Amino acid sequence: MSAVSVTKKEPRNFNRAAFFQRYGVGLALILLIIFNLIFTPNFATAQTLAVNLTQVCTIVIVGVGMTLVIATGGIDLSVGSLMAIAGAFSPMFFTGQLIPVDNLYFGIALGIAFPVLIAGMFGLFNGWLVTKFSIQPIIATLVLFIAGRGIAQVSTNGDLQVFKVPEFQAIAIGRVLGVPFQVWIMLAIVIVAAFILHRTVFGRQVLAVGGNEAAARLSGIPVSRVKFLVYFISGLCSGVAGLIVIAMNSAADANLIGLGMELDAIAAVVVGGTLLSGGRATIIGTLLGALVIQLVRYTLLANGVPDPAALVVKAGLIVLAVWLQRQEQA
Amino acid sequence: MQKISKSFGGVPALIEASLEVMPAEIMALVGQNGAGKSTMIKILNGAYVRDEGSISFNGTPWTAASPQQAQRAGISTIFQEINLIGYRSVAENIFLGREPKRGFGLLDWAKMNAESAALLKRFDVKVDVREPLERFSTAIQQMVAIARAVSFDARLVIMDEPTSSLDEAEVAVLLRTIRQLKAEGVAVIFVSHKLDELYEVCDRVTIMRDGRTVQVSAMKDISKLHLVAAMLGRDLAEVKKRGATAFEESSGANIGGELLQARNIAVGHRVHDASLDIRKGEIVGLAGLLGSGRTETARAIFAADAKTSGDITFNGQPAAFKGPADAIKAGMGYCSEDRKAQGIVPGMSVAENLTLALMPALTRSGMLDEAKQREVVDRFIKEIGIKCAGPDQKIRELSGGNQQKVLLARWLCMNPKLLILDEPTRGIDVGAKAEIQMLIRRLASNGLGVLMISSELEEIVEGADRVFVLREGKTVAEFDHQNMTESKVMHAMAHGHDT
Chain Y
1 MSAVSVTKKE PRNFNRAAFF QRYGVGLALI LLIIFNLIFT PNFATAQTLA
51 VNLTQVCTIV IVGVGMTLVI ATGGIDLSVG SLMAIAGAFS PMFFTGQLIP
101 VDNLYFGIAL GIAFPVLIAG MFGLFNGWLV TKFSIQPIIA TLVLFIAGRG
151 IAQVSTNGDL QVFKVPEFQA IAIGRVLGVP FQVWIMLAIV IVAAFILHRT
201 VFGRQVLAVG GNEAAARLSG IPVSRVKFLV YFISGLCSGV AGLIVIAMNS
251 AADANLIGLG MELDAIAAVV VGGTLLSGGR ATIIGTLLGA LVIQLVRYTL
301 LANGVPDPAA LVVKAGLIVL AVWLQRQEQA
Chain U
1 MQKISKSFGG VPALIEASLE VMPAEIMALV GQNGAGKSTM IKILNGAYVR
51 DEGSISFNGT PWTAASPQQA QRAGISTIFQ EINLIGYRSV AENIFLGREP
101 KRGFGLLDWA KMNAESAALL KRFDVKVDVR EPLERFSTAI QQMVAIARAV
151 SFDARLVIMD EPTSSLDEAE VAVLLRTIRQ LKAEGVAVIF VSHKLDELYE
201 VCDRVTIMRD GRTVQVSAMK DISKLHLVAA MLGRDLAEVK KRGATAFEES
251 SGANIGGELL QARNIAVGHR VHDASLDIRK GEIVGLAGLL GSGRTETARA
301 IFAADAKTSG DITFNGQPAA FKGPADAIKA GMGYCSEDRK AQGIVPGMSV
351 AENLTLALMP ALTRSGMLDE AKQREVVDRF IKEIGIKCAG PDQKIRELSG
401 GNQQKVLLAR WLCMNPKLLI LDEPTRGIDV GAKAEIQMLI RRLASNGLGV
451 LMISSELEEI VEGADRVFVL REGKTVAEFD HQNMTESKVM HAMAHGHDT
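Protein chains in written order, with this note's numbering: chain Y, 1 to 330; chain U, 1 to 499.
Bear in mind the hints are in silico, worked out from the structure with no lab data behind them.
Computed from a predicted structure; not experimentally measured.
Careful: at least some of the hints might be erroneous.
Mimicking SDA-like on lysine to any residue, the simulated pairs with C-alpha atoms at most 20 Å apart in a straight line are [claimed, not checked]:
(1) U/Lys394 <-> Y/Ser277
(2) U/Lys322 <-> Y/Leu276
(3) Y/Lys132 <-> U/Glu435
(4) U/Lys394 <-> Y/Trp128
(5) U/Lys182 <-> U/Val171
(6) U/Lys329 <-> Y/Ala214
(7) U/Lys372 <-> Y/Trp128
(8) U/Lys322 <-> Y/Ser224
(9) U/Lys394 <-> Y/Phe19
(10) U/Lys322 <-> Y/Phe228
(11) U/Lys329 <-> Y/Pro222
(12) Y/Lys132 <-> U/Phe321
(13) Y/Lys132 <-> Y/Arg199
(14) U/Lys372 <-> Y/Arg280
(15) U/Lys394 <-> Y/Gln161
(16) U/Lys340 <-> Y/Arg217
(17) U/Lys474 <-> U/Glu134
(18) U/Lys322 <-> Y/Arg199
(19) U/Lys372 <-> Y/His198
(20) U/Lys329 <-> Y/Arg225
(21) U/Lys322 <-> Y/Phe19
(22) U/Lys329 <-> Y/Val201
(23) Y/Lys132 <-> U/Asp305
(24) U/Lys372 <-> Y/Val201
(25) U/Lys3 <-> U/Gln215
(26) U/Lys394 <-> Y/His198
(27) U/Lys394 <-> Y/Lys164
(28) U/Lys394 <-> Y/Arg199
(29) U/Lys394 <-> Y/Arg225
Examples of chain U residues lying across from chain Y (beta carbon under 8 Å, computed) [as the list claims (entries may be wrong)]:
(30) Phe8
(31) Ile344
(32) Gly366
Idealized CB from N, CA, C, for every residue including glycine.
My request is simple: use the sequences and hints to build the entire structure.
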């Protein structure tokens, strides 16, 4: 312990790593947009914007829940499988397979509310494993990562459920002010979550649990409840994302919905600047992170680089983000 | 080991310390936290490199490059936490890294198991050596560690607090093993805070304090009281004048009715029968050697750990707290001894750290009342003199003393009835220390009950209105302010009974 009682001065010299850590994602996004405006034909069109935004919608929505989970020092691998569960159950409601419903809109309401809640319940199961048995989150959520997709496949007999219900599909492809409805959903979730994280007691508790769990517990913070809630929220977000996927495809394939989503979401969170060890998180960062990853891929594709090569670049971005995090901690 | 010096980042941990052990001798090594025992051991076994000094082993100069090399050369160390592999069998653990082979890289299991069993039999340990190690008690695991050490033909075995997690019967087995080692001509360095054990088994004792070797004596020539006095750096003849701390003399006039009563608290292996009571406006000291169960008792009162048995009454009500949240609601606060691991949330600001426990009161329909938070934080930064660039500065950038003030403020803003302070001034510079001590006294005179754990005797004797002394998990003495002297407290820490 230092024997000096004055407070340490903020480092005067420009801390490059800290700067990139904080503003790097936003900066990268701006640079990418400028680059594309100059080099990519037809970039500044509503069409391009819509394509790119719909590509990231589900990643961002799942990423929001993931950000909260990671903020407590946890991780949620089950998100993709929970998407599949929500996506597989939903058509059963609005096509009247499960319970015959006369009113179409009532059926759609059920087909939205129930699957999202079911996904949330599975999220609670994750929280239960993590808190009650102190299982490491990566293992606890691995359970549903594996079993969740199985549940979705069994409940649909592994069949593709094709439907044509434009009223339901509006949640993904309907447009308000020329912007796809799913983008509005994404923005709403991002804004609400950012508000929760930075302005509410719950948000503060999430960061305290991730920052120092022992201290949080000794300060009377209900650590278990906080963890339960973040996994619940992550489940709900996955449910919403699952519905958007089937609405876009007008079909539910339990084998494919949300496949690999956990990794895309974690990548967005990390590139966005949230600390993987917990205690510091940014929802807006996750949004920007997802956008950067998407835009890098789009830029490469639009300029004739094949997709497999784009994957390598995406991996490079993640390495860069992690490296920046380590720089700041050191 | 002669004139060993070692510094970490300019801070000396050892200053010309020395240690000498004869063959077949059991040497006790004692000292307070930070006295340099561990550093000494780690230099001997090659985990650290000494800055200065010389070591000879078996008559030849000795330098170990690593604990592994030391082990092969005949110096084995057995740490508090057993560093063996729980899932592998007893025999595998004993032969880990030098398994007998049969050619083609195959293990000679028969030989390994037979030799292991024979080895353990020397210590009267009869277990199935093919069973995984984790199936056995901590004591047996320790025996296995010792057997492993001996199987390297160790000439010197270092044991760093081997008995801290053992029960009485297990300790007896371990001490028998140590005597067996001695009988075979092996020297032992035995680090422990349990004086009875030291007197039972050791031949001589080396006492360390502040990085120096302050006394070496035959065990039978030194009384427990002298030993404790040497550890704490107290001269028995001359009890220091008052004034070493910033605690003002308490008039006792503000002390009110009973606030907390804890009866016959037991927690795991560490606390067996701790009892204490605290009145309103009173500073109660909790004294005891390292490992006497002070922190464990405090954590049990705060419900941070579950107690095995015992009754607690708080504010006239039986306290059946399920966790810290309940204790806080009832009006308790607890500053842990490990500021970094259990106190601060390093990535959060001063303001966020300060209001961590207060949050429920700052909530307006789930939202944080930022204005009110600001008001509370500003008031406490001013009131207790927290030196920081502002409420939004990260707490990890503050000095230890200022971090501690923030943690005190975390509880004070809750307006608690009882504050438990575990080593409130550890690792804090002199100036901040005095400020904190004055603050504690001021709070008590306003009616706050304080339970203060401290390893610094003068802090207890000068600061506390009453003191309870713990020894090996039992309350052994209670002194009120008139009867409290350093020598009496020390005597109780060493011997137990309060005369």
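Quick rundown of the hints versus the structure:
no. : hint                  : verdict
1   : U/Lys394 <-> Y/Ser277 : holds, 17 Å
2   : U/Lys322 <-> Y/Leu276 : violated, 31 Å
3   : Y/Lys132 <-> U/Glu435 : violated, 42 Å
4   : U/Lys394 <-> Y/Trp128 : violated, 33 Å
5   : U/Lys182 <-> U/Val171 : holds, 17 Å
6   : U/Lys329 <-> Y/Ala214 : holds, 18 Å
7   : U/Lys372 <-> Y/Trp128 : violated, 35 Å
8   : U/Lys322 <-> Y/Ser224 : holds, 13 Å
9   : U/Lys394 <-> Y/Phe19  : holds, 16 Å
10  : U/Lys322 <-> Y/Phe228 : holds, 18 Å
11  : U/Lys329 <-> Y/Pro222 : holds, 12 Å
12  : Y/Lys132 <-> U/Phe321 : holds, 19 Å
13  : Y/Lys132 <-> Y/Arg199 : violated, 28 Å
14  : U/Lys372 <-> Y/Arg280 : violated, 23 Å
15  : U/Lys394 <-> Y/Gln161 : violated, 53 Å
16  : U/Lys340 <-> Y/Arg217 : holds, 14 Å
17  : U/Lys474 <-> U/Glu134 : violated, 30 Å
18  : U/Lys322 <-> Y/Arg199 : violated, 29 Å
19  : U/Lys372 <-> Y/His198 : holds, 16 Å
20  : U/Lys329 <-> Y/Arg225 : holds, 17 Å
21  : U/Lys322 <-> Y/Phe19  : violated, 44 Å
22  : U/Lys329 <-> Y/Val201 : holds, 17 Å
23  : Y/Lys132 <-> U/Asp305 : holds, 16 Å
24  : U/Lys372 <-> Y/Val201 : holds, 13 Å
25  : U/Lys3 <-> U/Gln215   : holds, 14 Å
26  : U/Lys394 <-> Y/His198 : holds, 16 Å
27  : U/Lys394 <-> Y/Lys164 : violated, 55 Å
28  : U/Lys394 <-> Y/Arg199 : holds, 18 Å
29  : U/Lys394 <-> Y/Arg225 : violated, 26 Å
30  : Phe8                  : violated, 12 Å
31  : Ile344                : holds, 6 Å
32  : Gly366                : holds, 5 Å
Against the hints set out earlier in the document, violations occur for numbers 2, 3, 4, 7, 13, 14, 15, 17, 18, 21, 27, 29 and 30.
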